[in-house]
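Following the hints, put chain B in place on chain A, whose structure we already have.
Listed below are the residues making up each chain.
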Amino acid sequence: MSTTTPTAAEPTTPVGKAADYLDQRTKVGVLTKQLVRKVFPDHWSFMLGEIALFSFVVLLISGVFLTMFFEPSMALVHYENEHPASMQGQLMSVAFASTLDMSFEVRGGLLMRQIHHWSALVFMAGIVVHMMRVFFTGAFRKPRELNWLVGTMLMILGLLAGFSGYSLPDDVLSGNGLRIADGVIKSIPIIGSYTSYFVFGGEFPGEHIIPRLFTVHILLIPALLLALIGVHLFLMVLNKHTQYPGSGRTDKNVVGYPAVPVFATKMAGNFFIIFGVLALMGGTMAINNVWNYGPYDPSPVGAGAQPDWYMLFLEGSLRLMPGQTEIVIAGYTLSLNVLVPAVIIPGLLFTFLFVYPFIEAKVTGDKREHHVLDRPRNVPTRTGLGVAFLTAFIILALAGSNDLIATHFDMSINAITWAFRILFFVGPWFAFWITKRICLGLQRKDRELVLHGHETGRIVRFANGEYIEVHRPLDEHERWLRVNYEAHAPLEIEPATDARGVRRRGYKADRRWQRLSRFFFEDRVEPVTPSELEAAHSHGEHDELEPSHGSPELVSGSRSVEQEH
Amino acid sequence: MKALAARRHHRFAPVVLLLLALLVTGGVYAALAPSPAQADTASTEDIETGKKLFQANCATCHGPNAEGTTEAPSLVGVGAAAVDFQVSTGRMPMQMSGPQAAAKPPQMDEEQTAALAAYVASLGPGPAIPTDEQVDAAEGDAAEGMALFRTNCAMCHNAVGAGGALSEGKYAPALLETSDRNIYQAMLTGPQSMPVFNDATLTPKEKRHIIAYVAEQRDGSAGGLSLGNLGPVSEGLWAWIVGLGLIIGAAVWIGAKSS
Numbered sequence: 000m001s002t003t004t005p006t007a008a009e010p011t012t013p014v015g016k017a018a019d020y021l022d023q024r025t026k027v028g029v030l031t032k033q034l035v036r037k038v039f040p041d042h043w044s045f046m047l048g049e050i051a052l053f054s055f056v057v058l059l060i061s062g063v064f065l066t067m068f069f070e071p072s073m074a075l076v077h078y079e080n081e082h083p084a085s086m087q088g089q090l091m092s093v094a095f096a097s098t099l100d101m102s103f104e105v106r107g108g109l110l111m112r113q114i115h116h117w118s119a120l121v122f123m124a125g126i127v128v129h130m131m132r133v134f135f136t137g138a139f140r141k142p143r144e145l146n147w148l149v150g151t152m153l154m155i156l157g158l159l160a161g162f163s164g165y166s167l168p169d170d171v172l173s174g175n176g177l178r179i180a181d182g183v184i185k186s187i188p189i190i191g192s193y194t195s196y197f198v199f200g201g202e203f204p205g206e207h208i209i210p211r212l213f214t215v216h217i218l219l220i221p222a223l224l225l226a227l228i229g230v231h232l233f234l235m236v237l238n239k240h241t242q243y244p245g246s247g248r249t250d251k252n253v254v255g256y257p258a259v260p261v262f263a264t265k266m267a268g269n270f271f272i273i274f275g276v277l278a279l280m281g282g283t284m285a286i287n288n289v290w291n292y293g294p295y296d297p298s299p300v301g302a303g304a305q306p307d308w309y310m311l312f313l314e315g316s317l318r319l320m321p322g323q324t325e326i327v328i329a330g331y332t333l334s335l336n337v338l339v340p341a342v343i344i345p346g347l348l349f350t351f352l353f354v355y356p357f358i359e360a361k362v363t364g365d366k367r368e369h370h371v372l373d374r375p376r377n378v379p380t381r382t383g384l385g386v387a388f389l390t391a392f393i394i395l396a397l398a399g400s401n402d403l404i405a406t407h408f409d410m411s412i413n414a415i416t417w418a419f420r421i422l423f424f425v426g427p428w429f430a431f432w433i434t435k436r437i438c439l440g441l442q443r444k445d446r447e448l449v450l451h452g453h454e455t456g457r458i459v460r461f462a463n464g465e466y467i468e469v470h471r472p473l474d475e476h477e478r479w480l481r482v483n484y485e486a487h488a489p490l491e492i493e494p495a496t497d498a499r500g501v502r503r504r505g506y507k508a509d510r511r512w513q514r515l516s517r518f519f520f521e522d523r524v525e526p527v528t529p530s531e532l533e534a535a536h537s538h539g540e541h542d543e544l545e546p547s548h549g550s551p552e553l554v555s556g557s558r559s560v561e562q563e564h
Numbered sequence: 000m001k002a003l004a005a006r007r008h009h010r011f012a013p014v015v016l017l018l019l020a021l022l023v024t025g026g027v028y029a030a031l032a033p034s035p036a037q038a039d040t041a042s043t044e045d046i047e048t049g050k051k052l053f054q055a056n057c058a059t060c061h062g063p064n065a066e067g068t069t070e071a072p073s074l075v076g077v078g079a080a081a082v083d084f085q086v087s088t089g090r091m092p093m094q095m096s097g098p099q100a101a102a103k104p105p106q107m108d109e110e111q112t113a114a115l116a117a118y119v120a121s122l123g124p125g126p127a128i129p130t131d132e133q134v135d136a137a138e139g140d141a142a143e144g145m146a147l148f149r150t151n152c153a154m155c156h157n158a159v160g161a162g163g164a165l166s167e168g169k170y171a172p173a174l175l176e177t178s179d180r181n182i183y184q185a186m187l188t189g190p191q192s193m194p195v196f197n198d199a200t201l202t203p204k205e206k207r208h209i210i211a212y213v214a215e216q217r218d219g220s221a222g223g224l225s226l227g228n229l230g231p232v233s234e235g236l237w238a239w240i241v242g243l244g245l246i247i248g249a250a251v252w253i254g255a256k257s258s
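If you read the protein sequences in the order shown, they are chains A and B. Following numbering that gives the first Met the number 0, the numbering of the first sequence begins with 0 at its first residue and continues without gaps. Following numbering that gives the first Met the number 0, the numbering of the second sequence begins with 0 at its first residue and continues without gaps.
Okay, chain A solo, but in the shape it has when bound (with noise of 0.2 Å):
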């Protein structure tokens, strides 16, 4: 077998050697390839979740840094820094003083605080933005469901991560933060109380909830994070990308760049521009001055006293719940006061966006796998739930910071809070009714496009005196955007008896899943189908300058959708 001579293929330089010497003995260069030749469709909004992962890996970076400064004790010292002269001699716990003296003695100690915080902030915004756009295009449709739910899962993890390590530096604000999740799990029918004996070693405050949050959160969290950002990009990779609906682009094909050169670059440019931006905020601008608030101490609570954003909204669901509905049944107190808002409502908004695509599966039986995504506008019911769902989550947000709105706007707090309490229950469903009828409308200005072409503003008179307007038709990519979509239908179910007359198991369940896919997909516009193209352009010139005024087709069931003309 041995030659002496090289083959062509034999590598030369040093590079190519340590290359070849690994390929042999593992077969790398077959992923390699793979890998460097996948291609990546090119959106930027497809980089949305590179915000996520790329603020995560800068968590890590300077995660670890804090970790080698910070101690988790709740044992109590008396401050003896120089720095901040409000703290100089006060009482207070080892990891509140580990907490300052990382800030003002240790070099880079608060920059790297300020960054990590800010990163934690921007990774939360990040994860939100990055499922809207999954959620309002279809992406967690059939191949991606499941990826749909581990993203879901990193959002929450995200959630657990961020409250513990905000409750880490011992502070009042982040105390009396604890002192909800301790009322929160209170609240909790029969296991609450031994539910928080357990998780604080006692009563709360205790001395033991600050090691065991640091474990959660530097250890438990974390590796859970990873994990599940390696199944997630994993799926995503094996499940290839999704792409914005155009000419050529099917559910069969990816159009886009390979990895290397373009894909990577992007991604590494991206990265560096998201660090040097988390980088510029830590040094520039104050996140979250314990020393302001001063050591935990169960008596004090400041005014605008507020968890981080992606808490606010359960801050705001407490804030909005009133006081009354605290009920003692045979000596046994029933916080529903704290149960419902805390518990209850956010487990509703999380059990939503873990079932909603299985729900959509089903209502509108498709069981095809999907690659191109949706535009918003074409599947008005997704698209007006996710709004009316970001409305409540939002409006809860705001409710989480009604003082600062009360003092911000010279508006009275009680009429704040009543608003607030009337606008989660109507604001949604008004946002709802809005955005599909918005949705339904650009659908119908898109089958009017498609069908009768472009405004050009050019008037011509006739000979006979009429007047029209001329229409330049679409050309065919930009008519492909606008008839290539799916518009489904209600689900058909067999009928209640069978030719016999016997009846059907199982009917009463399609009929409720039937009235289900009655809301999805009742008002709908269907796309122009080539017959009614070939019909609106058959009349050759003639009726490409005058436009018909026949209806679109807008398919309506029970209820009758208006006419635009």
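Watch out, some of these pointers could steer you wrong.
As the list claims (entries may be wrong) - Some chain B residues well away from chain A (every beta-carbon gap over 12 Å; in silico):
#, residue
1, 32
2, 127
3, 180
4, 219
Claimed, not checked - Selected chain A positions facing chain B (Cβ under 10 Å, derived; list incomplete):
#, residue
5, 78
6, 284
7, 303
8, 311
9, 334
10, 409
The set of hints was computed from the structure by calculation and includes no laboratory data. Glycine included, every Cβ here is placed at the ideal spot set by N, Cα and C.
Here is chain B on its own, set in the frame of chain A:
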């Protein structure tokens, strides 16, 4: 000097000279003019002036002899400190009725304020205007002040005194612009919704510690821009606006380069 001499016949030379002369005159006047005296003992003349001012500006609500009406409380015994606080911050005379009297540019000058304070103080004994030494932030200890502020003030005024909301449109104002003297007077007299922190609750020394802590906050944050000192809500807002704004802007730019 040569350049100056060459220009002495310039047609703007008289104007420049006139401006210089005005500047010098004004400067000398400002330096030498007697500052409005803060008379330690109120003269009867002051009280008379104060009474007239009171009847012209305050009597409609507080009654002709400050005995109070259904609209406003009696001022007998509130002392000079309360008057000085309310009038020098512009809260009184009140701009308009509302949940609480808002601070505005003061309507009375220092002399008139002193006269009003003297008049009201003459109606009955009450807390006097604190001396400069009593409110000197440099004499206080910010660390002691921080602990006192946290337990007594922060629940309404926010941890660093950025202000907070109370019920029904009332509010605890921000303290970052408030003068040290006014902070002391507010603790002493408990204006509007604020409780009175008399010398038994917070000794004059402790009041000075609190002033020292608030004064320290005016230097800003060690961490950079303080973003209004409003805590996590404003931080979240900035994370979305600056952080996500810049990053998404960059993503659009990266995405736009190819297509």
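Hints, verified against the model:
The claim that residue 32 of chain B lies off the interface holds: its Cβ sits roughly 38 Å from the closest Cβ of chain A, which is beyond the 12 Å cut-off. At the 12 Å boundary, the C-beta of residue 127 of chain B stays outside the reach of chain A, the nearest C-beta of that chain being 30 Å off. Here residue 180 of chain B stays apart from chain A, with its beta-carbon at least about 22 Å from theirs, past the 12 Å limit. Chain A draws residue 219 of chain B into its interface by the beta-carbon criterion, the shortest separation being 8 Å against a cut-off of 12 Å.
Hint status for residue 78 of chain A relative to chain B: holds, with the closest Cβ pair at about 9 Å, below 10 Å. Contact between residue 284 of chain A and chain B, as hinted, is supported at the beta carbon level, the nearest pair being about 5 Å apart and thus within 10 Å. The beta carbon of residue 303 of chain A comes within 5 Å of a beta carbon in chain B, closer than 10 Å, and the hint placing it at the interface holds. The closest approach between the C-beta of residue 311 of chain A and any C-beta of chain B is roughly 7 Å, which is under the 10 Å cut-off, so the hint is satisfied.
Interface restraint check: residue 334 of chain A against chain B, minimum CB-CB distance 23 Å, threshold 10 Å, status violated. Here the hint on residue 409 of chain A is kept, as its CB sits about 7 Å from the closest CB of chain B, short of 10 Å.
The structure fails hints 4 and 9 (numbered hints given earlier, in ascending order).
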